[in-house]
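K.L.:
Here are the chains, one letter per residue:
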Amino acid sequence: MARTLWDSSVGKKTVMAVSGMIMLLYLVAHVIGNLKIFFGAGEFNHYAHWLRTVGEPFMHYEWTLWLVRIVLVVAVVAHATSAYQLSRRDIRARPSKYVHKKPRASYATRTMRWGGIILGLFIVWHILDLTTGTVHSGGFQEGHPYQNVVDTFSTWYGNVIYIVAMLALGLHIRHGFWSAAQTLGVGSRTRDRALKTVADILALLLTAGFVAVPVGVMTGVVS
Amino acid sequence: MKLTLRVWRQKNAGAEGAMSTYEVDDISPDMSFLEMLDVLNEQLILSGEEPVAFDHDCREGICGACSLVINGDAHGPERTTTCQLHMRSFRDGDTIDIEPWRASAFPVIKDLVVDRSAFDRIIQAGGYITAPTGAAPEAHATPVPKADADFAFEHAECIGCGACVAACPNGAAMLFTSAKVNHLNVLPQGAPERETRVLDMVTQMDAEGFGGCTLTGECATACPKGIPLVSITSMNKEWLRATRKAGKR
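Chains as they are written, first to last, in our numbering: chain A, 16 to 238; chain B, 2 to 250.
Derived by calculation from the structure, the hints in this document are not laboratory data.
Among the clues, some could well be false.
Sample of chain A residues with no beta-carbon within 12 Å of chain B, all distances over it, derived [stated by the list, open to error]:
no.: 1; residue: Met31
no.: 2; residue: Ala56
no.: 3; residue: Ile106
In silico DSS-like pairs for lysine-lysine, Cα to Cα no more than 27 Å straight-line [unchecked claim]:
no.: 4; chain 1: A; residue 1: Lys116; chain 2: B; residue 2: Lys147
no.: 5; chain 1: B; residue 1: Lys238; chain 2: A; residue 2: Lys211
no.: 6; chain 1: B; residue 1: Lys111; chain 2: A; residue 2: Lys116
no.: 7; chain 1: B; residue 1: Lys238; chain 2: B; residue 2: Lys249
no.: 8; chain 1: B; residue 1: Lys12; chain 2: A; residue 2: Lys116
no.: 9; chain 1: B; residue 1: Lys147; chain 2: B; residue 2: Lys238
no.: 10; chain 1: B; residue 1: Lys111; chain 2: A; residue 2: Lys117
no.: 11; chain 1: A; residue 1: Lys112; chain 2: B; residue 2: Lys111
no.: 12; chain 1: B; residue 1: Lys12; chain 2: B; residue 2: Lys111
no.: 13; chain 1: B; residue 1: Lys147; chain 2: A; residue 2: Lys117
no.: 14; chain 1: A; residue 1: Lys112; chain 2: B; residue 2: Lys12
no.: 15; chain 1: A; residue 1: Lys211; chain 2: A; residue 2: Lys117
Here the structure is a predicted model, which is why all the values come from computation and not from measurement.
Glycine included, C-beta positions come from ideal geometry on N, C-alpha and C.
So here's chain A without its partners, still in its complex pose:
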């Protein structure tokens, strides 16, 4: 069955849909966590510490966190690999373009591939910046995420990279969520409007929620 899934274009789309949904669920949890920054350094840092102790005493320190990280890495790799392979197939299937060109499909639909590449690069930067601290602008302090976030968004490029990526994320989710529903066969004529509305609301809330943090730092609400 795994073979059938991976060998078929429809199956590979299923892999994309499921891995996309896993990442989307994670993002909902992530944005809720981020917003705690507006309640002060104490609450935000405490929340960050709690993420490492989830499931104790059943789970050892950081086990749950690593479990989530592994699932996410698998999801990202599966999503990107199937996207790459499907895109290659799509480009091969339509080698010559029409002489008479027309603007096609919505902006969100047309930017799925470039948006995906931007998001992939963003994830790398984001981890190196705020998880490992490798490319962090200030002095990165392990266990003090509040200060680290403030440092990142005190640089112009930190804000630009982050906000551009979050706008790409919104567009990606707008087309991606609805498309995943079609791929998984849960879309229908009667449900179409509802699915599109949910996709728009998710895209808007996630983008607004994530962008609120750099805007908060820029305006001095978070410092």
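With chain A's structure known, arrange chain B on it following the hints.
P.N.:
Frame of chain A; chain B shown alone:
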């Protein structure tokens, strides 16, 4: 009407093609698009040039033979087949671009004619039912719920012209394949091959080199028969169901 036509000319499958410009005059707005091309061809024959090759057959919008991308739209600006498109949809003095279907699974044979036999092979892979032939069966022998009959009929309207492939930025045949799968899979007559049909037809579709679906919706917009985009969703559902069942066996 006086028109300037820019038409894709290509000697054969191996030759390089290019757009050629022609002028046509005295075109009646009541002519169909194909009749306008007939006028062009008469003109070309009289001047000793090779006429433009294009596919056509019934000229009443039911056979699926005609296939032109007109000003970037499969079958032109109206939601119908090229043969049912009339020159009143254009204005005097217009320049019209005429190109063949573009997809690597539909190679150009000559000028505007493409090889659509990939569709035939998708049908051969499962677009049929196994039934004893002979006299027509008694109409009430196999009852079909009204909703299912309507669903089947909506998809049976597909004439296999390939406009969906031509319009799709990925050259995908998902709308065509889904129309055929849904048409037969919902009916009791199609039930014995319900799983193998969708699996085999999708496998053949992939093997022919068609692209995948990115849900741009271009196919359903171009379809002269109004096969809806949600048809693809229904086929995905059938495919996942068949894959699960095949996995259990």
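K.L.:
Which hint numbers does the structure go against, in order from smallest to largest?
P.N.:
Structure breaks hints 1, 3, 4 and 13.
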